[in-house]
Amino acid sequence: MLDRRLPAPLTLTALAVVIGILVTTPLLINNNVFHHTLILIGIYAALAQAWNILGGFAGQISLGNAIFFGIGAYTSSLLLVRAQLSPWLGALAGMALAMVLALLIGYPVFRLAGHYLAIATIALAEIALVVFQNLEFVGGAAGISLPITRDMQGRPTDSWWMLQFNSSKLPYVYLALGVLGVVQVVATLLDRSWIGFFLRAIKNDQTAAAAIGVPVARYKLIALLISSACTALIGTFYAQYLLFVDPETVFGLSLSVLIALVAILGGAGSLWGPFLGAVVLIPLAEATRSQLGGRGTAFDLVIYGLLIMVIAVFQPAGLTGLPERFRPRQRTSVAPAAPADTQMEESLRS
Amino acid sequence: MSLLEVTDLTMAFGGLVANDRISFTLHEGEVLGVIGPNGAGKTTLFACIAGFLKPTRGQVRFAGEDITGMRPDRICRRGLVRTFQIVRALPDLTVLQNVMVGAFLRTHAMREARQIAEEVLAFTGLEARAHTPGKNLTIADKKRLEVARALATQPRLLMLDEVMSGLNAQERQQAVTLVRAIQRRGISILLIEHIMDVLLPLSNRVLVLNYGKKIAEGSPDSITRNPEVIAAYLGSSYASPS
Amino acid sequence: MDATIVQAVLSGALIGMIYALIAAGLSLIFGLMEIVNFAHGEFLMLAMFSSFWMWELWRLDPLASLPITAALMFGVGVLTNRLLVMRVLNAPALAQIFATFGLGLFLRASAQYLWTADFRAIQDPFLSRVAGGRIALGRDVFIGVPQLVAAVIAAVAFALLGLLIRRTRLGLALQAVAEDRSTAALMGIPAGRMFDLGWGIAAACVGIAGAVLASFYYIYPSVGVTFALLAYIIVALGGFGSITGALIAGIMVGLVEIVAPLLLGIPPAYKYALVFTLYLLVVLVRPQGLFGRY
Chain A
1 MLDRRLPAPL TLTALAVVIG ILVTTPLLIN NNVFHHTLIL IGIYAALAQA WNILGGFAGQ
61 ISLGNAIFFG IGAYTSSLLL VRAQLSPWLG ALAGMALAMV LALLIGYPVF RLAGHYLAIA
121 TIALAEIALV VFQNLEFVGG AAGISLPITR DMQGRPTDSW WMLQFNSSKL PYVYLALGVL
181 GVVQVVATLL DRSWIGFFLR AIKNDQTAAA AIGVPVARYK LIALLISSAC TALIGTFYAQ
241 YLLFVDPETV FGLSLSVLIA LVAILGGAGS LWGPFLGAVV LIPLAEATRS QLGGRGTAFD
301 LVIYGLLIMV IAVFQPAGLT GLPERFRPRQ RTSVAPAAPA DTQMEESLRS
Chain B
1 MSLLEVTDLT MAFGGLVAND RISFTLHEGE VLGVIGPNGA GKTTLFACIA GFLKPTRGQV
61 RFAGEDITGM RPDRICRRGL VRTFQIVRAL PDLTVLQNVM VGAFLRTHAM REARQIAEEV
121 LAFTGLEARA HTPGKNLTIA DKKRLEVARA LATQPRLLML DEVMSGLNAQ ERQQAVTLVR
181 AIQRRGISIL LIEHIMDVLL PLSNRVLVLN YGKKIAEGSP DSITRNPEVI AAYLGSSYAS
241 PS
Chain C
1 MDATIVQAVL SGALIGMIYA LIAAGLSLIF GLMEIVNFAH GEFLMLAMFS SFWMWELWRL
61 DPLASLPITA ALMFGVGVLT NRLLVMRVLN APALAQIFAT FGLGLFLRAS AQYLWTADFR
121 AIQDPFLSRV AGGRIALGRD VFIGVPQLVA AVIAAVAFAL LGLLIRRTRL GLALQAVAED
181 RSTAALMGIP AGRMFDLGWG IAAACVGIAG AVLASFYYIY PSVGVTFALL AYIIVALGGF
241 GSITGALIAG IMVGLVEIVA PLLLGIPPAY KYALVFTLYL LVVLVRPQGL FGRY
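Protein chains in written order, with my numbering: chain A, 1 to 350; chain B, 1 to 242; chain C, 1 to 294.
No lab work stands behind these hints, which were simulated from the structure alone. Owing to the predicted nature of the structure, the values given are computational and were not obtained by experimental measurement. It is possible that some hints are incorrect.
In silico SDA-like pairs for lysine to any residue, Cα to Cα no more than 25 Å straight-line [said to hold, decoys possible]:
id: 1; chain 1: B; residue 1: K135; chain 2: C; residue 2: A93
id: 2; chain 1: B; residue 1: K135; chain 2: B; residue 2: R156
id: 3; chain 1: B; residue 1: K54; chain 2: C; residue 2: F291
id: 4; chain 1: C; residue 1: K271; chain 2: C; residue 2: P287
id: 5; chain 1: B; residue 1: K135; chain 2: A; residue 2: Q315
id: 6; chain 1: C; residue 1: K271; chain 2: A; residue 2: A142
id: 7; chain 1: B; residue 1: K135; chain 2: A; residue 2: L92
id: 8; chain 1: B; residue 1: K135; chain 2: B; residue 2: R114
id: 9; chain 1: B; residue 1: K54; chain 2: C; residue 2: Q288
id: 10; chain 1: C; residue 1: K271; chain 2: A; residue 2: Q206
id: 11; chain 1: C; residue 1: K271; chain 2: A; residue 2: W194
id: 12; chain 1: C; residue 1: K271; chain 2: A; residue 2: F137
id: 13; chain 1: B; residue 1: K135; chain 2: A; residue 2: Q206
Which residues of chain B face chain A? A few of them, derived with a C-beta cut under 10 Å, are [unchecked claim]:
id: 14; residue: A50
id: 15; residue: C76
id: 16; residue: R77
id: 17; residue: R82
id: 18; residue: V87
id: 19; residue: A89
id: 20; residue: P91
id: 21; residue: Q97
id: 22; residue: F104
id: 23; residue: A152
Listing some non-contacts, in silico: residues in chain C with all C-beta distances to chain A over 10 Å [said to hold, decoys possible]:
id: 24; residue: Q96
id: 25; residue: I135
id: 26; residue: A178
id: 27; residue: I251
Don't be surprised by glycine CBs; every beta carbon is placed ideally from N, CA and C.
Isolated chain A, as found in the complex (with noise of 0.2 Å):
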């Protein structure tokens, strides 16, 4: 939606070449650590969107995104575990079920702006933490461990409908893209669409927004269900990956945290921001945490902490602010050849 738009050819041919790369890679590079890098990629990536659509778009900050993260991976695990239920079924549970949560929290909790906001969202987290970790029927703070598919002689096998693949992480690589696909494509009809327009004019200043009649709570609200459906998915995604969930991991502050950090580094906000927070961060983190992290001496966090210092201090618009630094001031007043509105048309219909 913004002006910072490249022509549309242009746009399409980057789209495709990106989306070439993350599709080929994968077979070309036949490697365990390379693909669990994507999928963490992936996970992250569509994670920070999701964030976006609530954070960046419509400027509500949430420091507890992990809870419908949470919400996604233990209804469909326990689905699993205690109804043999195919993690597909439990992934639509899950999003109806972020979806009330974020129907019930969303009204009051948005009354509430700036820190007040970013705190509320902290506590609801840090609650569902402390129960989860305390109900033995969810599995407590020891977590559940998922089941392992296996074929008529007891071997663990691949299984499209129960969601697991115990050959090769090959398959786990393209469903992380696909989610990332989908909540991308969600993110970019939200921007392209009057919601986009409202949630951006709620973050620019919500008084004048709802002036001219943006029904400023019910924007809010369709952000948070969008963000926690989205969120919940992913989480449904990232138990059948490890095969295990436990309360720390999946509602702990320090995943809400690491959520809006690769939104935030990419550029809050911005469409590819939370795409590009993650291809730079996450590759980032693995690195430093096998090169650096052995034998838990958490040097490879004292590194990461530094370099959250230094991005808010050198580069607080984040990454796809970059180019603006280096552009020379002239764009301000001249008005562009081609207006970009007529571009995103351009491309949705195409």
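Once you have looked at the hints, place chains B and C on chain A.
Chains B and C only, in chain A's frame:
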């Protein structure tokens, strides 16, 4: 036919009564001016009518419907829209996008909203600025954008809060022309201005507030001759030299 | 009344006093520059390790080294402001959150790297030897001496902080900067110096809290996490920027944490869930917190 009816509207902030039992009627197609010195309660009155403040007492009826205490966006949907004295252009959105937000009130189609917005931009003379972000506009353009955005919601009544203040003579003349053009489109206008010279020629009728109370109402002519108004504006020494 | 309830009320109020002191620093910083210090828990951790190492290396009791710890932490606060916070003062709120969050992570990880993740404790500090370490207030009602003295010191520190802010020229200058930076600058109050001072005082408060906690609490790199989380809740509950709010909310949280599980018959493991629920209930009624202005 009366479009807006305000009855006994009172707004108190603790002990401070910003609006005290104000009643008036605005007729369809009319430009009703509201004047009064700074702190007379003009902006509070706007906020109460448009739903940004819930009046302590009294009633606001718009097109026959009681809208007292209704949410601003609902009031806007019914065709009553306000601008802000302290301009609130959405800073990260371009002028076109700012106006499209208003247009989306009546349609959810991108193409149609864009058409409405472009038409409004042409009408308000902002086409050249269509792709400038809100934050980079001059004050005069920001004020005009306020009006354009409000017009895009296709209102029946437009409430303008000091759209002329802070403008130079030329910009002010353009603004006056714009207000006249809006009236010719059949849109009723409630106009706040504390500069009498600007407001009087534009208004069909004028309402005068002082210290939260309505002290006069009538034709621009009768207002300028009203001793109480003169006293409020020029200080009591002018009205009754002592 | 049931002895266990009395016991719980006492313990809750005592720990609540320490929470309040930790939260006061957070609130002071927010009131001054509208920034939430997400490294606050790590400041507490540093203070506790400072007490620990002075005991370990020189056998200095945490009580005796308290002034040194407070002074050290004052320095940490000023440095944080100079090196980090001033650089993001005009950045978007998101960047500010992540600047201090990154600092917290950096400090916590550095502590683990330097001193390992082991839990440590100061063996037999002075306070645990006074009167056998606890005072009987009745049959079955006891009060730990370290906890009591910690709460008293926290209360004194709190009172001094209140006096400093309300009654001294320095405090007035701080308030002026908090109210309106540019007007204060016109009146010759250097905002930058006041920010240094605010961060210094805030960190010294948390330093005192850490020093008194060190006498009876385990010391480890992530010890600050829970305390900080509670401090955020307390500050938001009391109202961002309100020192009185921090005091009342701190004691409320201490009480709820220990008394509520007893009264409601809920396992103590859920205590933090109760605290967070209390916070949510309060801000639903008063979005600006108990004593908040906005």
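These are the hints, each one checked on the structure:
1. Between K135 of chain B and A93 of chain C the CA atoms are separated by roughly 18 Å; this keeps the pair inside 25 Å, and the hint holds.
2. Distance hint between K135 of chain B and R156 of chain B is unfulfilled; the C-alpha atoms sit about 29 Å from each other, more than 25 Å.
3. Between K54 of chain B and F291 of chain C the CA atoms are separated by roughly 23 Å; this keeps the pair inside 25 Å, and the hint holds.
4. With a C-alpha separation of about 23 Å, the suggested pair K271 of chain C and P287 of chain C falls inside the 25 Å cut-off, and the hint holds.
5. At roughly 21 Å between alpha-carbon atoms, K135 of chain B and Q315 of chain A fall within 25 Å of each other, so this suggested pair holds.
6. Proposed proximity of K271 of chain C and A142 of chain A is supported: the alpha carbons are some 19 Å apart, at most 25 Å.
7. Simply put, K135 of chain B and L92 of chain A have alpha-carbon atoms about 43 Å apart, too far for the 25 Å limit, and the pair is violated.
8. A distance of roughly 21 Å separates the Cα atoms of K135 of chain B and R114 of chain B; the hinted pair therefore holds under the 25 Å criterion.
9. Distance hint between K54 of chain B and Q288 of chain C is fulfilled; the C-alpha atoms sit about 19 Å from each other, no more than 25 Å.
10. Annotation: proposed proximity of K271 of chain C to Q206 of chain A is violated, straight-line Cα distance about 36 Å (limit 25 Å).
11. Distance check on the hinted pair: K271 of chain C and W194 of chain A sit about 44 Å apart at the alpha-carbon level, beyond 25 Å; violated.
12. Of the pairs offered as hints, the one joining K271 of chain C and F137 of chain A holds, with about 19 Å between alpha carbons and a cut-off of 25 Å not exceeded.
13. Among the hinted pairs, K135 of chain B with Q206 of chain A is consistent with the structure: their alpha-carbon atoms are about 16 Å apart, no more than 25 Å.
14. Checking A50 of chain B against chain A by beta carbon gives a least distance of about 7 Å; that is within 10 Å, so the hint holds.
15. At a threshold of 10 Å, the smallest CB-CB gap from C76 of chain B to chain A is about 4 Å, leaving the interface hint in force.
16. With its C-beta approaching chain A no nearer than about 6 Å, R77 of chain B sits inside the 10 Å limit, and its interface hint holds.
17. A distance limit of 10 Å between C-beta atoms decides the matter here; for R82 of chain B the minimum to chain A is near 6 Å, and the interface restraint holds.
18. Against a cut-off of 10 Å between C-beta atoms, the interface hint on V87 of chain B holds, since the closest Cβ of chain A lies about 9 Å away.
19. At its closest, the beta carbon of A89 of chain B sits 8 Å from a beta carbon of chain A; the interface hint therefore holds under the 10 Å criterion.
20. The beta carbon of P91 of chain B comes within 6 Å of a beta carbon in chain A, closer than 10 Å, and the hint placing it at the interface holds.
21. Annotation: interface hint on Q97 of chain B holds; nearest CB of chain A at approximately 7 Å, less than 10 Å.
22. Because the beta carbon of F104 of chain B sits about 4 Å from the nearest beta carbon in chain A, less than 10 Å, this interface hint is met.
23. Proximity of A152 of chain B to chain A holds as hinted, the smallest CB-CB distance being about 7 Å (cut-off 10 Å).
24. At roughly 7 Å, the least C-beta separation between Q96 of chain C and chain A is not larger than 10 Å, which violates its mark as non-interface.
25. Distance check on I135 of chain C: its Cβ is at least 33 Å (rounded) from any Cβ of chain A, clearing the 10 Å threshold; non-interface status holds.
26. At roughly 15 Å, the least C-beta separation between A178 of chain C and chain A is larger than 10 Å, which holds for a residue marked as non-interface.
27. The beta carbon of I251 of chain C is kept farther than 10 Å from every beta carbon of chain A, the shortest such distance being approximately 19 Å.
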